[in-house]
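Undergrad: Heads up: the sequence lines are chains A and B, in that order. Under this note's numbering, the letters of the first sequence match residues 1 to 539, in that order. Under this note's numbering, the letters of the second sequence match residues 540 to 673, in that order.
In short, the hints are calculated from the structure, not lab data. We put the beta carbon where it would ideally sit given N, CA and C, even for glycine. Take the hints with a grain of salt, since some may be wrong.
Away from chain B, derived, C-beta distances all over 10 Å, residues of chain A [to be verified]:
1. 100
2. 114
3. 196
4. 229
5. 299
6. 402
7. 419
8. 439
9. 461
Distance condition first, Cα-Cα at most 20 Å in a straight line; then the derived EDC-like pairs of lysine to aspartate or glutamate [stated by the list, open to error]:
10. 456/A / 658/B
11. 612/B / 163/A
12. 514/A / 636/B
13. 456/A / 583/B
14. 25/A / 442/A
15. 456/A / 568/B
16. 514/A / 163/A
17. 514/A / 583/B
18. 612/B / 658/B
19. 450/A / 658/B
Covered by chain A, according to a simulated footprint, are these stretches of chain B (three or more residues, beta-carbon under 8 Å) [unchecked claim]:
20. 540-554
21. 559-565
22. 568-579
23. 589-600
24. 627-641
25. 657-667
Next come the chains, spelled out residue by residue.
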Amino acid sequence: MAQKPAAEAAERAPEFRTLSGRPVKRIYGPEDLAGLDPARDLGDPGEYPYTRGPYDTMYRGRLWTMRQFAGFGTAAETNARFKYLLEQGQTGLSVAFDYPRLLGLDSDHPRAEGEVGKMGVAIDTLDDMQRLFDGIPLDKVSTSMTINSGAIVMLCMYLAVAERQGVTWDKVSGTIQNDILKEYTAQKTYIFPPRPSMRLITDMFAFCSEHAPRWNSVSISGYHIREAGATAGQELAFTLADGFAYVEAGHAAGLPYEAFVPRLSFFFDVHMDFFEEIAKLRAARRIWARRLRERYGIEDERSLRLRFHAQTAGCSLTAQQPMVNIVRTAIEALAGVLGGCQSLHTNSFDEALALPSTEAVRIALRTQQVIAEETGVTNTVDPMAGSYYLEALTADLEREAEAYFDKIEAIGGVIPAIEAGFFQREIADASYQYQQRLQHGELAVVGVNKYTLDQKEPVEILRVDPEVERSQVQRVQAHRAGRDQAATDAALVAVGRAAEGSANLMPPILAALKAGATFGEVCDRMRAVYGEYVEPIIF
Amino acid sequence: MRPIRVLVAKAGLDSHDRGAKVIARALRDAGMEVIYTGLHRTPEHVIQAAIQEDVDVVAISLLSGAHLTVVPKIIAGLRAQDAGDMLVLLGGIVPDEDVGPLRQAGVAAVFGPGTDTAEVVDFIQGHVRTGSPA
Chain A
1 MAQKPAAEAA ERAPEFRTLS GRPVKRIYGP EDLAGLDPAR DLGDPGEYPY TRGPYDTMYR
61 GRLWTMRQFA GFGTAAETNA RFKYLLEQGQ TGLSVAFDYP RLLGLDSDHP RAEGEVGKMG
121 VAIDTLDDMQ RLFDGIPLDK VSTSMTINSG AIVMLCMYLA VAERQGVTWD KVSGTIQNDI
181 LKEYTAQKTY IFPPRPSMRL ITDMFAFCSE HAPRWNSVSI SGYHIREAGA TAGQELAFTL
241 ADGFAYVEAG HAAGLPYEAF VPRLSFFFDV HMDFFEEIAK LRAARRIWAR RLRERYGIED
301 ERSLRLRFHA QTAGCSLTAQ QPMVNIVRTA IEALAGVLGG CQSLHTNSFD EALALPSTEA
361 VRIALRTQQV IAEETGVTNT VDPMAGSYYL EALTADLERE AEAYFDKIEA IGGVIPAIEA
421 GFFQREIADA SYQYQQRLQH GELAVVGVNK YTLDQKEPVE ILRVDPEVER SQVQRVQAHR
481 AGRDQAATDA ALVAVGRAAE GSANLMPPIL AALKAGATFG EVCDRMRAVY GEYVEPIIF
Chain B
540 MRPIRVLVAK AGLDSHDRGA KVIARALRDA GMEVIYTGLH RTPEHVIQAA IQEDVDVVAI
600 SLLSGAHLTV VPKIIAGLRA QDAGDMLVLL GGIVPDEDVG PLRQAGVAAV FGPGTDTAEV
660 VDFIQGHVRT GSPA
């Protein structure tokens with residue numbers, strides 16, 4: 001297909017680029033598929049290299065799990081939101097914890113002041129965790145928990161609550177984010193340095209493969225990398241590189257691949273550039289399958305099949321004209337579905353202003369329900385396959401990721417690259433370039449740098465009552481006063497000893513929590529052994 | 540005359556640093572001297588850093604909702620150490636109804652999501668009480 005010289009038809013801009021800065025041609029045609037061998041590069045859905053989807057029937061068999069991330073205030077308040085979402089047709093739970101939890105502190109720690117229950121739910125004790133899931137049988141729902149540096153403690157709490165409900169661990173299913181590597185590069189809720197943190201993760205791999213086989217022990221997350229300012233290609237490359245690092249860490253800890261690789265799952269962002277995002281998700285499946293097979297000799301299809309949760313891009317939401325965010329989220333969600341997600345969170349329109357209100361969350365959930373049940377996009381598997389543009393983008397993203405893998409390998413691997421500030425610098429540069437393109441008007445954001453209004457639209461926002469903090473502080477202090485202190489102390493000593501040695505940490509942590517130790521106290525014991533991470537200052 | 544010195548501060552447990560880093564770089568590109576505290580600083584850390592570095596501006600970034608707890612503490616600490624003339628700015632997710640109380644506490648301006656970095660540069664150059672325009 002010959003292209004017309006540019007002079008023949010005037011275009012709106014001298015060049016067109018994707019949101020991530022990738023040049024886009026006027027037209028794509030068969031020549032763009034020249035290197036593509038459909039049998040080798042696409043396969044059928046459910047077949048290697050899984051470009052077209054991890055399962056053969058995809059949404060004709062089962063729709064994705066509609067999983068709205070929720071958590072604020074006390075365990076009782078979040079429990080009420082969970083029940084509301086389940087009543088409205090949501091099919092899985094997703095817990096947001098507040099900052100004290102993400103950083104391993106109890107609610108009455110001086111550094112927690114003003115943060116308790118703000119960005120997520122406040123959980124200090126096993127009793128709090130039990131209240132969080134009150135009336136929600138843990139063998140009937142799958143739960144995702146977003147916590148990383150203190151993940152091992154929170155997973156123990158979840159398993160202990162299942163036990164209290166009479167649910168055996170082989171019946172609990174869900175995911176704990178537990179992706180510490182991206183904490184150092186993007187989300188930044190780290191506590192311990194990278195190397196001991198990796199040991200906590202391999203302990204969880206070993207424990208879950210034996211005792212909780214339906215639990216996904218890491219959700220390898222590109223979402224936060226993207227939200228921190230990375231491009232689509234960086235999100236893809238850095239996330240998969242982290243994934244390979246977990247594969248290698250588990251193997252180095254003596255676990256056979258089939259014991260833990262099938263339980264690794266992924267979590268991607270879905271931003272506004274519709275085709276680039278779909279291509280990124282398809283490329284992720286292909287790269288994962290290929291590298292696991294070619295590099296590590298893994299043949300087990302449960303391992304090769306990349307499964308992922310998707311979330312619409314929080315950073316694409318605007319505080320200006322917030323109702324427009326409903327439209328953005330719908331388009332992003334559609335890209336997530338066309339990219340073949342296994343579960344999906346749609347953001348609420350008010351999230352650039354505050355935590356979402358009940359009404360905003362309902363609309364976000366309804367957005368998924370409309371895509372699932374009204375649009376017909378679920379009737380056939382991977383309807384985008386074969387598109388000249390989309391397949392060219394998919395291959396291009398794969399090449400970009402491969403080039404990053406080479407760079408990371410040249411530095412010595414993911415942890416040395418973190419220590420050298422490589423990812424942090426790449427992300428800071430990309431985020432600054434994005435801001436420049438936005439401010440120069442190369443990128444449009446409706447309502448922000450175009451089509452602005454002088455007057456603000458009033459929006460009712462959710463506010464967390466300061467009373468939450470006071471009552472939570474009282475609750476944890478009353479708990480400490482009422483427990484068997486000698487038994488708690490002994491159990492905490494055992495946690496410290498296990499942290500110093502090499503025995504799996506999960507059994508002593510479970511024992512400590514059951515004895516009455518709080519979340520922050522268990523984290524403190526590990527802090528005393530491992531120290532705290534301090535990041536290099538890069539901007 | 541020395542360039543304007545700015546401390547970009549992440550106070551409290553909030554870990555969102557994208558905005559803080561973009562602002563830090565934009566201010567540096569505008570000719571200011573920028574010191575970034577890094578994450579998870581307590582109010583005491585921020586006060587100490589501002590005084591030690593002898594800055595003209597303290598630009599605090601907070602997206603966790605803890606601004607009404609953290610920011611007034613920093614301002615009170617600066618005043619207690621005779622550094623009340625520093626220009627204190629806040630960026631992040633701050634509900635409209637909190638802006639009044641924050642202004643009363645001594646915050647010179649609050650910048651929300653979608654702010655053009657040039658607007659922050661202009662504001663600093665127009666309001667800084669010490670140092671000199673870059």
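Undergrad: So which of those numbered hints doesn't the model satisfy?
TA: Violated: hints 1, 2, 4, 8, 9, 11, 12, 13, 15, 17, 18, 23, 25.
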